[in-house]
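> Take a look at the letters that make up each chain.
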Amino acid sequence: GAVVSQHPSRVICKSGTSVKIECRSLDFQATTMFWYRQFPKKSLMLMATSNEGSKATYEQGVEKDKFLINHASLTLSTLTVTSAHPEDSSFYICSAREAGRRYSEQYFGPGTRLTVT
Amino acid sequence: GQQVMQIPQYQHVQEGEDFTTYCNSSTTLSNIQWYKQRPGGHPVFLIQLVKSGEVKKQKRLTFQFGEAKKNSSLHITATQTTDVGTYFCAAHGSSNTGKLIFGQGTTLQVKP
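Taken in order, these protein sequences are the chains called A and B.
All residue numbers for the first sequence refer to my numbering, where the first residue is 1236 and numbers rise by one.
All residue numbers for the second sequence refer to my numbering, where the first residue is 55 and numbers rise by one.
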């Protein structure tokens, strides 16, 4: 099946610094990727839809200046958490679907555990 | 916005017992997907249902899509310890972007 990688898997950063998380589709092209946030024992909360070559679409309540998304190629999307604060600590997961298959399944990356101290 | 309600939130069963999780939407869904997330892992796609009244089986797992396409269920027969995890239903949002709206998930614990 299709594979999505995410890097790093874990990151600890100090409050006020920025952290970049990469999401790559390894064996397929993904014009659209999705970024989720998941709190312990909670569901996945969609943060934004990342579109290759255009601006991301953010969900209501998600600060686009704080969570910068760049989808520079058909296989890579990045999420940068700027000026991170302890409340940004969470599990961030990306997913991707194959280009041209809008209603197909999504393939999830392994997630990134962010801890802000 | 569009919501998908899923119950129960938690279910503890003895190994060998059956398990069912339910999803409901107030609006008609174009399709519904089911994912499984093992503890410490990420969601993995299980199946997609598209047709009204559709029933699909994967070994001990039975997936149903309601006649009105507003509800769905996942039933596991004779649970095993390998079934442990959180099961999510997910529906495509109405915005035509392909984004998924996830249910709250049902966490299954199986006692050996």
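What the hints contain is simulated information worked out from the structure, not anything from laboratory work.
Hints are not guaranteed to be accurate.
Said to hold, decoys possible - Straight line, CA to CA, 25 Å or less: simulated BS3-like cross-link-like pairs of lysine-lysine:
#1 LYS105(B) <-> LYS165(B)
#2 LYS1290(A) <-> LYS1249(A)
#3 LYS1255(A) <-> LYS1301(A)
#4 LYS1276(A) <-> LYS1290(A)
#5 LYS105(B) <-> LYS124(B)
#6 LYS1299(A) <-> LYS1277(A)
#7 LYS105(B) <-> LYS1276(A)
#8 LYS90(B) <-> LYS110(B)
#9 LYS124(B) <-> LYS1277(A)
#10 LYS124(B) <-> LYS111(B)
#11 LYS111(B) <-> LYS90(B)
#12 LYS1301(A) <-> LYS1277(A)
#13 LYS1277(A) <-> LYS105(B)
#14 LYS1277(A) <-> LYS90(B)
#15 LYS90(B) <-> LYS1276(A)
In this text, all values refer to a predicted model and were calculated from it rather than measured experimentally.
> Taking the hints in turn, state whether each one holds.
Against the structure, the hints:
no., hint, result
1, LYS105(B) <-> LYS165(B), "violated (35 Å)"
2, LYS1290(A) <-> LYS1249(A), "violated (28 Å)"
3, LYS1255(A) <-> LYS1301(A), "holds (12 Å)"
4, LYS1276(A) <-> LYS1290(A), "violated (31 Å)"
5, LYS105(B) <-> LYS124(B), "holds (11 Å)"
6, LYS1299(A) <-> LYS1277(A), "holds (23 Å)"
7, LYS105(B) <-> LYS1276(A), "violated (31 Å)"
8, LYS90(B) <-> LYS110(B), "holds (16 Å)"
9, LYS124(B) <-> LYS1277(A), "holds (23 Å)"
10, LYS124(B) <-> LYS111(B), "holds (20 Å)"
11, LYS111(B) <-> LYS90(B), "holds (15 Å)"
12, LYS1301(A) <-> LYS1277(A), "holds (22 Å)"
13, LYS1277(A) <-> LYS105(B), "violated (29 Å)"
14, LYS1277(A) <-> LYS90(B), "holds (13 Å)"
15, LYS90(B) <-> LYS1276(A), "holds (13 Å)"
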